[in-house]
Amino acid sequence: MTHRDRLLLWPRHAALVAISIIMLAPFYWVLKTAITSENIYAYPPHLLPERPQLFNFVDVWYLIPFPRYLFNSVVVSLIAVAGNLVLNAIAGYALTLPFIGRRSVIVLLLSCTLIPFQATIIPAYLITAHLDLLNSYLGLALPLLSTIVCIFIFKASFDAVPRSLIDAARIDGLGDVRILLRVMLPLSTPAIATNVVLSFIWSWNNFLWPLIITRSQDMQTLPLGLARFLSYMEDTTGALYAFVVMVLAPGLLVFLMAQSAFMRGLTTGATKG
Amino acid sequence: MTTTRRTRQAAVVACFLAPSLLIFIVYRILPLVWNVVLSFEAWSPLRPPVWVGWDNYSEMLNDDDVFWQALWNTVIFLGSQPVAIALALGIALLVNSDLKGASVYRTIVFLSYPLMTVAVAIIWHWMFNERGGLINYVLRQLGIIHQPIAFLDSFAWALPSTIVANTWQVLGFFMIVLLSGLQNIPPHLYEAARVDGAPARARFFRITLPMLRPALFLCVVIGILNSFSAFDLIYVMTNGGPGHATELLITYIYKQAFGATRFDYAAALTVAQFAMLLVLTWIAHRAVGGNAGAIE
Chain A
204 MTHRDRLLLW PRHAALVAIS IIMLAPFYWV LKTAITSENI YAYPPHLLPE RPQLFNFVDV
264 WYLIPFPRYL FNSVVVSLIA VAGNLVLNAI AGYALTLPFI GRRSVIVLLL SCTLIPFQAT
324 IIPAYLITAH LDLLNSYLGL ALPLLSTIVC IFIFKASFDA VPRSLIDAAR IDGLGDVRIL
384 LRVMLPLSTP AIATNVVLSF IWSWNNFLWP LIITRSQDMQ TLPLGLARFL SYMEDTTGAL
444 YAFVVMVLAP GLLVFLMAQS AFMRGLTTGA TKG
Chain B
219 MTTTRRTRQA AVVACFLAPS LLIFIVYRIL PLVWNVVLSF EAWSPLRPPV WVGWDNYSEM
279 LNDDDVFWQA LWNTVIFLGS QPVAIALALG IALLVNSDLK GASVYRTIVF LSYPLMTVAV
339 AIIWHWMFNE RGGLINYVLR QLGIIHQPIA FLDSFAWALP STIVANTWQV LGFFMIVLLS
399 GLQNIPPHLY EAARVDGAPA RARFFRITLP MLRPALFLCV VIGILNSFSA FDLIYVMTNG
459 GPGHATELLI TYIYKQAFGA TRFDYAAALT VAQFAMLLVL TWIAHRAVGG NAGAIE
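Taken in sequence, the protein lines are chains A and B.
Residue numbering for the first sequence follows this note's numbering, starting at 204 and increasing by one per position.
Residue numbering for the second sequence follows this note's numbering, starting at 219 and increasing by one per position.
The set of hints was computed from the structure by calculation and includes no laboratory data.
Cβ atoms here follow ideal geometry from the backbone N, Cα and C, with glycine treated the same way.
Mixed in with the good hints there might be a few duds.
Residues on chain B that point at chain A, a partial pick, calculated with CB under 7 Å [claimed, not checked]:
1. Tyr245
2. Met334
3. Gly361
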């Protein structure tokens, strides 16, 4: 690297630091508000937390049924993740086999990605009502049980498994289920990780669908709890922001741990359709 | 391959594909068709539906000012996506290279993307707050404004404010997509251009941009879909208010369907929005040269 090149790096670092500060400021502001004990409406606000404490986090447990929301979110997400793993893996495996109409199935799946879930809410609600699944865990998870992007992530990963390995397994008399379980999946751990992370985050963050089909507070998930907190309490208490921190922290931890799988999954999923 | 094995394999394929296909048929394709049918009917929960032809559409186009306002707001929201993509491209170019700490910057910019949108809405609801919000504070400290602005209660500022929040959330995603596009450009193209003495500007417009077309197309499609998924953000930040200043088609659809129980009219609105989505995607597809979204 020449001296001139090195000099050129400083403006880039400066620009990136400025961008990082802008991107991180909202995180900081919410965290600061969550641990502050001052009147959050005082003007001018303090840039550093005044007398930091954790009362707001305790308040959350009294103000709303936090454990209930958490439990519901966890149950729905577990159903969604399990469903995605099993259904996407078998569907992705089927797409690697030769069969008549394979191309039409792929085109059908890809055109389905163009139908945003939000454009289906009214009939989806009516269908779920007919199935008698309104206000149930299964009803909450059902539309999320299989994801087209994740099917293609599995398919791409299975396609990369050497043919000779599969042929050898067939000669040894292994059936399709065993080939999938013993050969394909052990060689596809990145695809499995991507599936788990993506389906977990999609289900965990889902708001519109639970908003439509849950009737009782007992069935509400965390995002609904957050929205409900804001509309009942307004934004007058630091507890709201403590709640935000509590909701976001697990997701951010999962993301930071599985960052590379997550980003890779998004881009492969995206470029593979 | 023997016939029995072939039939067995066909059975396996059918069994393996059936559950996923069933879910997509029940929750994607059937709703699409049902929406269209519903939009030509007068629907009520207790009586059988009645065919009313184009009535819902004519009400939407002729008698519904809120529809036009929501449509206009959706168009503005869509118009902000290319701006976000351009910003993301700038950042992607900055962090694409062996810059020290590039992965840290990447993670920071991406950090807001996997967040729950409801939480993003609450965060920015607070950022824009008149008294406790950081934005009013900074603007007043810098002397740009002298009176606090209630951004989310203002007819002029509410929509731009929600757009800022949306941009903050999706920027990292656009950046990652563009970065993977940049990394797919063969380096020898740049070397050849440098040998030929092409200036940086020419390298950007002649090599980088054309080679990025598939990634840009993907960003545009995601940006278009964003105008649907912005529901969570708008619902929590402003609920379409003040008045209908931040009403998007999707929030209006929700209000008509689940607030006013007008499933038939909301279905007509959905069809209109879906048609818009398809037309825009097609235009984007053509604009990048036709084959950018090609499969395999």
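Against the structure, the hints:
1. Tyr245: 4 Å, holds
2. Met334: 4 Å, holds
3. Gly361: For Gly361 of chain B, the interface hint is violated, since the closest Cβ of chain A sits about 14 Å away, which is over 7 Å.
Checked against the numbered hints given earlier, this structure breaks only hint 3.
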